[in-house]
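Could you put the whole structure together from the sequences, leaning on the hints where they help?
Protein chains in written order, with this note's numbering: chain R, -2 to 72; chain Z, -2 to 72; chain F, -2 to 72; chain H, -2 to 72; chain W, -2 to 72; chain E, -2 to 72.
Hints were generated in silico from the structure; no laboratory data involved. All C-beta atoms in this analysis are idealised placements derived from N, C-alpha and C, irrespective of residue type, glycine included. Heads up, a few of these hints could be off.
Unchecked claim - Computed Cβ-Cβ distance ranges for the label pairs, DEER-style: (1) E/D32 with Z/W2: 44 to 50 Å; (2) H/K38 with W/E45: 45 to 51 Å; (3) E/R72 with F/V33: 45 to 51 Å; (4) Z/P9 with R/T4: 47 to 53 Å.
Stated by the list, open to error - Distance condition first, Cα-Cα at most 25 Å in a straight line; then the derived BS3-like pairs of lysine-lysine: (5) E/K20 with E/K38; (6) W/K38 with H/K27; (7) E/K27 with R/K38; (8) Z/K20 with F/K27; (9) E/K38 with R/K20; (10) H/K38 with F/K27; (11) W/K20 with E/K27; (12) E/K27 with W/K27; (13) W/K38 with E/K20.
As the list claims (entries may be wrong) - To be clear about the criterion: a stretch of chain H counts as covered by chain F if any three or more of its residues have a C-beta under 8 Å from a C-beta of chain F, and this derived list gives those stretches: (14) 0 to 12; (15) 17 to 28; (16) 38 to 45; (17) 58 to 65.
There are 6 protein chains.
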Amino acid sequence: MADPWLTTLITPTPEEGFALAVKISRMGVKTTQPDVDVLHKLRPDYAENADSLTAASQVVAINFQTVAAANNYWR
Amino acid sequence: MADPWLTTLITPTPEEGFALAVKISRMGVKTTQPDVDVLHKLRPDYAENADSLTAASQVVAINFQTVAAANNYWR
Amino acid sequence: MADPWLTTLITPTPEEGFALAVKISRMGVKTTQPDVDVLHKLRPDYAENADSLTAASQVVAINFQTVAAANNYWR
Amino acid sequence: MADPWLTTLITPTPEEGFALAVKISRMGVKTTQPDVDVLHKLRPDYAENADSLTAASQVVAINFQTVAAANNYWR
Amino acid sequence: MADPWLTTLITPTPEEGFALAVKISRMGVKTTQPDVDVLHKLRPDYAENADSLTAASQVVAINFQTVAAANNYWR
Amino acid sequence: MADPWLTTLITPTPEEGFALAVKISRMGVKTTQPDVDVLHKLRPDYAENADSLTAASQVVAINFQTVAAANNYWR
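Encoded structure:
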């Protein structure tokens, strides 16, 4: 994590804000499990499980709240 | 994801805002599992499971908070 | 869903706001599973399961946050 | 539910606000399962299960956010 | 619960605010299960289970949001 | 916990704010299970489990909401 990955919460559009929320959610996972090989092995466990996908979508939703507020909802 | 799918959080009515929250929730799933065939196969797993439906409704509720705030609650 | 079901988040009282939060939560379920017969069959699965009831109450709580904010907390 | 049970979110103290959050959380359960006998039977299922108690505490926490905001945090 | 346990959400520091969030989270559990002996017996169930600890940390995080907002984030 | 670990929610950058959210999330776990040896033993249980990692990421997301608001979203 030498390179900065989160220099701002401001994005030009809601869609880029959503993409940032996805990135932050993934970083939340990587912080707990930094081993990319392990993460790769786990992928089928959740990417083919309906409840796991819903849970992933929920984390994105929470981070999207933060990014949207930061951008004053792109009003 | 070439076409933009989220250009604004502003909607004319709360009901359209709710529909947008549903769309954002689904996009949270598609970002993790972009293979539409897999998603189709998983559908019975959650659409006929009470707890999975509640979990899906929760993600929509979180995204609806964001959309509602963006629209100043359509006051 | 031809008839509008969510024209406003404003309610005269907190209690009616809570009822609206319940309605929004249920609509979150119906959006994923529109087949009323399936929903009926699933009812015992969650209505007689303590953890499912807590989960349902949580979704209502999240939607109640939205409705309460919309009504400026009926202050 | 003939008698009103939620006429205001305003409470004199944080502690009474917390009690109100507990009440709202329980009403979220009762709305889904209004049969008090069923609820009684389910009680040991969650009251003696650590994860169920944590889940119940989470719903209270969400409702307490709402009540606390309504009261401007009793500042 | 004769003695008041929550007279204010205001704390001098973020760290004391976090401690208050922990206290509120625990009170959410005690409200559902007031029997201290039962709570003691349940302790190993969650204190030695990774997912239960994460769930407990989540409730604290939600309550910390409330306490932090009450204190205007100790800015 | 003799040394203070949370003296401010203010951070210079979003990335340091995210790191603080991770720290707060971990402290939420340590408060419930202070025994570092137990925590170490539990690590494989969640660090190699997809759903546990998602749950951990969710707690970080909630705490990041708090830290981001405290910093006025580093606007």
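*Which numbered conditions among the earlier hints are violated in the structure presented, ordered from lowest to highest?*
2, 4, 6, 7, 9, 10, 13
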